[in-house]
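Chains A and B, in that order, are what the protein sequence lines are.
For the first sequence, the residue numbers in the numbering used here are 1 to 255.
For the second sequence, the residue numbers in the numbering used here are 1 to 275.
Errors might be hidden in some of the hints.
25 angstroms max Cα-Cα, derived DMTMM-like pairs, lysine to aspartate or glutamate [to be verified]:
id : chain 1 : residue 1 : chain 2 : residue 2
1  : B       : K244      : B       : D35
2  : B       : K86       : B       : D98
3  : B       : K87       : A       : D131
4  : B       : K86       : A       : D131
5  : B       : K79       : A       : D181
No wet-lab data here; the hints were simulated from the structure.
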Amino acid sequence: MRHLEYVGALVIQVGHALGSLTRTLPIVGNRRRWRSAIRQTLTIGVDAFPMVGIMAVCAGFILAMQGATELHRLGAMELVVDLVTIGFTRELGPLLAAIAVSGRSGSAFSAEIGSMMVTEEVSALRTIGIDPTEFLLAPKFLGALIALPCLTILSNACGILAGGIFMRLSTGMALSIYLQDVVHSMVLHDVMTGLVKSLAFATIIVHVGCLEGFRVHGGPDAVGRSATAAVVKSTFLVILADVGFTAIFYLTGGK
Amino acid sequence: MTQEPDARRTGPVISVRDVVVSYGDRRVLDGINLDISRGETMVLLGGSGSGKSTLLRQIIGLEQPQSGRVLVNGVDLAKSTRRDLKKVRRSIGVAFQDAALFNSMSVEDNVALPLRELTCLAESTIRLMTWMKLAVVGLAEFGRFNPQELSGGMRKRAAVARALALDPEVLVFDEPSAGLDPIVAAELDELILALKSAFNMTVVVVTHEMASAFQIADRMAMLYKGSLIAVGTKEELQSSPHPKIRQFLDRVPDQIADTAAVDKYFQQYLKGGAA
């Protein structure tokens, strides 16, 4: 029952935010929201570049090494290229980016809004006549919707590159040949499903983070708890959503 | 104000009608009726947990009652549309207990925020108006400071400047003297009186400080356990025979320990020990 209520609140918030998302767009929207959305894009996206890059390189190596031990026995080392390429574009790219953003920004959202709840800043916004969802949440939402696909592409690139380095070191395969193989096995459909996933993950992370913040009541300890809850719940929901999406793509014949 | 001057000039600015609020099974406000007239300073008095902050949140439209109505200039807050609510909110400026200044912005930007968000004024006009509001509260030189760099009293005055930004009809002040030393608290009382005489504003103050209340109030309303037990002028309240008002005015503590229960416990303990 409590979980249903939580999901309900989340859905209502997403609906409300989609309505005010147009206000953050350039030209048709409010210029200050757009500027704030750019700032959010930079903190969510650009600041996470090193972390996502390193995580993806490591995961690329791990995937290639784990795959190589088995595939070597079967004498099918060249399949490592497919494994890494498909693994990253469909799955690991968006997932790694989402986990990094959830840890870095999801907790920051809930802490920021939570402390504003404690100091009555959110109440002040409402009494002034400013919608807190539009003022605080919508720019973060747009920022994440821009940043997460970018991070996903970065994560894909780093992971695949790491696979190439592994192949060069273990089998002496030239990087240029590796990249040709990658281009062969990469399908636009896979890349697109990865990017669609990343948009869904962005929505989950922003809305769980902000909802946790808006639900803070009481003192500073509640802010800390909300930040933890934001990371735990958003990571959990990201993985749930991932299963859902993968199942849909699998069943609708996306190979 | 130009459309129907008569309807808006007559009658109370804020009227609270049979408002009931409960959290869970705890009834916080139990059928409150209160009218606040134009140009008066109304002080809401009450101890901790009397429901005065809840009543304040009702008046400024942050929460809605389970039953009853809150009317601001004749507009029901619970039934009004988003646009009406926005208009009503513009006519009420709120200074929160801990100032609630936006920590991510300078004091200047805090005061300018309502103007930037809700008006189409040019930036130069907004700057001038911001400076004027800060000057009214004596913070003209502190515009570029961050809220954290100001003292508690200054932060509260900055909050007043922000509340005044849109030239509201009503200024609502939550616990102006909480957390301040007596001198700074007295300065804030002076500020409230000055604003009232300069702009002929309606002021609503929530407090438990008797000295401050008697200094600024035209009328007072005393809350006790979610009910209004007295509404009247200072003199009326001072001469009231109501035991709870006397207790509050004379600073008599409630009996905290339930002595009868303690006695009973000991009796039983002794009996049990003897048997």
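Check your understanding: Within 25 angstroms, alpha carbon to alpha carbon, are B/K79 and A/D181?
Key -> With a Cα-Cα distance of about 65 angstroms, the restraint between B/K79 and A/D181 is violated, given a limit of 25 angstroms.
Exercise for review: Would you mind confirming whether the straight-line C-alpha gap from B/K87 to A/D131 stays at or under 25 angstroms?
Suggested key: At roughly 13 angstroms apart (the allowed maximum being 25 angstroms), A/D131 and B/K87 satisfy the hint.
**Study point:** Distance restraint between B/K86 and B/D98, which requires alpha-carbon spacing of 25 angstroms or less
**Key:** Cα-Cα ~24 angstroms, so holds.
Check your understanding: Regarding the pair B/K86 and A/D131, is the alpha-carbon distance no greater than 25 angstroms?
Key -> 10 angstroms, holds
Check your understanding: Holds or violated: are the alpha carbons of B/K244 and B/D35 at most 25 angstroms from each other?
Key -> 22 angstroms, holds
Violated hint: 5 only; the structure is consistent with all others.
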